[in-house]
Amino acid sequence: MRNVRDWASKHPTFAFAMLAVLLAVLPFVVGAGLGKGWVRVLDFALLYTMLALGLNIVVGYAGLLDLGYIAFYALGAYLFAWLGSPQFGLHLPFWVVLPLGALLAGSFGVLLGAPTLRLRGDYLAIVTLGFGEIIRIFMNNLDQPVNITNGPQGINLIDPISIGGFSLGDKHIVLGIPLFSPTLYYYLFLAFTLFTIFVALRLQDSRIGRAWAAIREDEIAAAAMGINTRNIKLLAFAMGATFGGLAGGLFAAFQGFISPESFNLMESIMILCMIVLGGMGNIPGVILGAVLLTVLPEALRYVGDWQRAALGRVVVDPNDLRMLLFGIAMVAMMLYRPAGLLPSRQRKREFRAEDGVAEQEQASLYDVQA
Amino acid sequence: MTLLAVDNVTKRFGGLNALEGVTLSVNAGEVYGLIGPNGAGKTTLFNCMTGLYTVSAGAIRLQDTPIHNRKPHHIVGRGFARTFQNIRLFANMSTLENVMVGRHVRTRTGVLGAVLRDPRSRAEEGAIHDRSMELLDFVGLRNRSRTLASHLAYGDQRRLEIARALATEPKLLALDEPVAGMNPNERREMGELFIRLRESGITLLLIEHDVKLVMGVCDRVAVLDYGRKIAEGVPDEVRRDPAVVAAYLGGAA
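So the sequence lines, in the order shown, correspond to chains A and B.
The first sequence begins at 13 in the working numbering and counts up one residue at a time.
The second sequence begins at -9 in the working numbering and counts up one residue at a time.
Be a bit skeptical, because a hint or two may be false.
What the hints assert, rightly or not - With a straight-line Cα cutoff of 20 Å, these simulated SDA-like cross-link-like pairs (lysine to any residue) come out:
#1 161(B) <-> 172(B)
#2 161(B) <-> 190(B)
#3 161(B) <-> 210(B)
#4 48(A) <-> 149(A)
#5 61(B) <-> 35(A)
#6 61(B) <-> 129(A)
#7 161(B) <-> 135(B)
#8 61(B) <-> 242(A)
#9 61(B) <-> 244(A)
#10 161(B) <-> 188(B)
#11 202(B) <-> 161(B)
#12 48(A) <-> 28(A)
#13 61(B) <-> 130(A)
#14 61(B) <-> 48(A)
#15 161(B) <-> 67(B)
#16 61(B) <-> 181(A)
#17 183(A) <-> 199(A)
#18 48(A) <-> 308(A)
#19 48(A) <-> 240(A)
#20 202(B) <-> 20(B)
#21 61(B) <-> 310(A)
#22 48(A) <-> 361(A)
#23 61(B) <-> 246(A)
#24 161(B) <-> 57(B)
#25 202(B) <-> 238(B)
#26 61(B) <-> 308(A)
#27 202(B) <-> 159(B)
To be verified - To list a few chain B residues with every Cβ distance to chain A over 12 Å, as calculated:
#28 29
#29 99
#30 222
What the hints assert, rightly or not - So the derived label-pair ranges between C-beta atoms look like this:
#31 344(A) <-> 6(B): 45 to 53 Å
#32 318(A) <-> 107(B): 32 to 40 Å
#33 344(A) <-> 136(B): 51 to 59 Å
#34 137(B) <-> 217(A): 17 to 25 Å
#35 348(A) <-> 56(B): 52 to 60 Å
Treat the hints as calculated values from the structure; they're not laboratory data.
Ideal placement from N, C-alpha and C gives every residue a C-beta, glycine not left out.
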């Protein structure tokens, strides 16, 4: 790993070009090597990368544990479905709906963040978990008295993204190369993921990013140094939620169908796990976590086939195995790499500090803050 | 000219009156000492003044504007910064980053500026960096700018906290036991830093146990005991005040 990094830092242009080529041909290589289904897995890996990067702003940068993050994904997805499906007979173009979805999710980020401002740690996690469930339960039940969400059946026939008549939902042949829908979406998602990475990187290294880090390190000291902790925390919720909403809209267009089922608590936990596994606060780590946790469960499906081939029947359901391995992986990680696979330098130090005696005293100094 | 006026401030924690009708005023340009035995309420008063505690009764005014029960960032914005008795640095950030956080309240770049890095935002970021380096220079930490705050020597951490507070451009700087736990050499250096701070036009409010230091650098001193002010005046008078002697040496003395 270090050798690769040294080499890449010596030849930045070449390394960058190689990465670009690799990302460009990836869907073809994967599609040819593993089958077309795997291109869809790649698409989801990109979606989850966006989600994980968004949640990383809240959890990794600002240190606010949010267990209801999937709600913003749901809001983005539902807004896309409402404005681009037969549900209300609306078919607005994606470049109107996607920003609206991001905006709606961002506003809800502030709305749901506001009541939690005084909470920390476990308490914050429980309240955000509740908010996440509230949104899902609303979506599940808002089919009456007026049918808004179509309830548990979900919304079907959502418009695919189409750019000037070029629908990403159909197969196209460009320059003699057949491009299937998942491949087309791959490039779209890749563009959005790169955009998300760009924004996340720039935010991290800025006045706002420093303020988030300061709040994470010591909220009282941050306030006493003139940081408006309320606004800066709400900003973190809003920014995270915005990316969640954006990813949600893309998800709705890609799937063509959404239902409350897709936005359950397990999804929130998965996204959090991606961050924790990869390395909280560190963008390469978060990307690695998201890709690993999307791709590995898919790979485990083969285990069922092997069992059938070797034993004639499926002894252990791959789905159960998935949770088992997942649990083992998490425990192993907490033991051997508690700061994640690719931790940020600062986070690594924080974990080390907590090991020792140097944990800063968190006096209950606040009684004026609201 | 009165810079900070504390008017009849009371702070109750349940049945305990940590502060009882404390009144004092700090003039612009002076070094004002706040002394008293352990548990006298000095830090409580600091926390009330800087917005970490609400006051139960009374008023605190900075240049005639009430600041009691306002949020800390608002008070910092009005030009009143502080340090902490038990150092509260951002331990896992570099020395320079700590000071840069202090510039937050005097700068404006938002999300859009941070993402786009337009010329104005870049200029501001550059200015934050340069000003922070100047302040590190001022407190003598320039060559430690990349060191982690938690890796600094104890005395340097105290100095860094002062630099971070200075980054908010305070008119009034409140230091909570800035030389606690320092050796004589470090104390002397810190005393010199106070003189330089005063020369740069900043009013200092000092909580201190080291009576020699207090008597040496302070223009005026107030003494707290059991949440009440028992004396105020120039150091020499206060030192001879029978109430102060009794508070420090016990009632029988």
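Going down the list of hints, with the structure as the test:
1. A C-alpha spacing of about 26 Å is found between residue 161(B) and residue 172(B), which places the hinted pair above 20 Å, so the restraint is violated.
2. For the hint pairing residue 161(B) with residue 190(B), the CA-to-CA distance comes to about 10 Å; that is within 20 Å, so the pair holds.
3. For the hint linking residue 161(B) to residue 210(B), the alpha-carbon distance of about 18 Å falls within 20 Å, and the restraint holds.
4. A distance of roughly 34 Å separates the Cα atoms of residue 48(A) and residue 149(A); the hinted pair therefore is violated under the 20 Å criterion.
5. Proposed proximity of residue 61(B) and residue 35(A) is contradicted: the alpha carbons are some 49 Å apart, above 20 Å.
6. Restraint check for residue 61(B) and residue 129(A): the C-alpha separation of about 14 Å stays at or below 20 Å, so the hint holds.
7. With a CA separation close to 25 Å, the supplied pair residue 161(B) and residue 135(B) exceeds the 20 Å bound.
8. Taking the CA atoms of residue 61(B) and residue 242(A), the gap is near 10 Å; set against the 20 Å cutoff, the hint holds.
9. Under the criterion of a C-alpha separation no larger than 20 Å, the hint pairing residue 61(B) with residue 244(A) is consistent with the structure, at around 14 Å.
10. With a C-alpha separation of about 10 Å, the suggested pair residue 161(B) and residue 188(B) falls inside the 20 Å cut-off, and the hint holds.
11. Distance restraint check for residue 202(B) and residue 161(B): the Cα-Cα separation of roughly 25 Å exceeds the 20 Å cut-off, and the hinted pair is therefore not satisfied.
12. Under the criterion of a C-alpha separation no larger than 20 Å, the hint pairing residue 48(A) with residue 28(A) is inconsistent with the structure, at around 27 Å.
13. The hinted pair formed by residue 61(B) and residue 130(A) meets the criterion: a straight-line CA distance of about 14 Å does not exceed 20 Å.
14. With a C-alpha separation of about 57 Å, the suggested pair residue 61(B) and residue 48(A) falls outside the 20 Å cut-off, and the hint is violated.
15. Restraint check for residue 161(B) and residue 67(B): the C-alpha separation of about 10 Å stays at or below 20 Å, so the hint holds.
16. Under the criterion of a C-alpha separation no larger than 20 Å, the hint pairing residue 61(B) with residue 181(A) is inconsistent with the structure, at around 53 Å.
17. Under the criterion of a C-alpha separation no larger than 20 Å, the hint pairing residue 183(A) with residue 199(A) is consistent with the structure, at around 14 Å.
18. Taken as a hint, the residue 48(A) and residue 308(A) pair is honoured in the structure, with Cα atoms around 17 Å apart against an allowance of 20 Å.
19. Note on residue 48(A) and residue 240(A): the hinted pairing is violated, with a Cα-Cα distance of about 50 Å set against a maximum of 20 Å.
20. Pair hint residue 202(B) plus residue 20(B) holds up; C-alpha atoms about 18 Å apart against a cutoff of 20 Å.
21. The straight-line distance between the Cα atoms of residue 61(B) and residue 310(A) is roughly 50 Å, outside the 20 Å bound, and the hint therefore fails.
22. Restraint check: the Cα-Cα separation between residue 48(A) and residue 361(A) comes to about 43 Å, which exceeds 20 Å; the hinted pair is violated.
23. For the suggested pair residue 61(B) and residue 246(A), the alpha carbons sit about 16 Å apart, so the restraint of at most 20 Å is met.
24. The suggested pairing of residue 161(B) with residue 57(B) holds, with an alpha-carbon distance near 14 Å, which does not exceed 20 Å.
25. A hinted pair counts as satisfied when its Cα atoms are at most 20 Å apart, and residue 202(B) with residue 238(B) qualifies at roughly 14 Å.
26. Taking the CA atoms of residue 61(B) and residue 308(A), the gap is near 48 Å; set against the 20 Å cutoff, the hint is violated.
27. For the suggested pair residue 202(B) and residue 159(B), the alpha carbons sit about 29 Å apart, so the restraint of at most 20 Å is broken.
28. With a least beta-carbon separation of about 16 Å from chain A, residue 29(B) lies farther than 12 Å from that chain, consistent with its non-interface assignment.
29. The non-interface label for residue 99(B) is inconsistent with chain A: the shortest C-beta to C-beta separation is roughly 5 Å, within 12 Å.
30. Interface exclusion of residue 222(B) from chain A stands, the closest Cβ pair being 26 Å apart, more than 12 Å.
31. Checking the proposed 45 to 53 Å range against residue 344(A) and residue 6(B) shows it holds: the Cβ atoms sit about 50 Å from each other.
32. The hinted window of 32 to 40 Å between residue 318(A) and residue 107(B) is violated, with their beta carbons roughly 51 Å apart.
33. Between residue 344(A) and residue 136(B), the C-beta spacing of about 34 Å breaks the proposed range 51 to 59 Å.
34. Between residue 137(B) and residue 217(A) the beta carbon distance is about 19 Å. The supplied range of 17 to 25 Å therefore holds.
35. For residue 348(A) and residue 56(B), the hinted distance range of 52 to 60 Å is satisfied, since their beta carbons lie about 55 Å from each other.
Going through the hint list in order, the structure does not satisfy hints 1, 4, 5, 7, 11, 12, 14, 16, 19, 21, 22, 26, 27, 29, 32 and 33.
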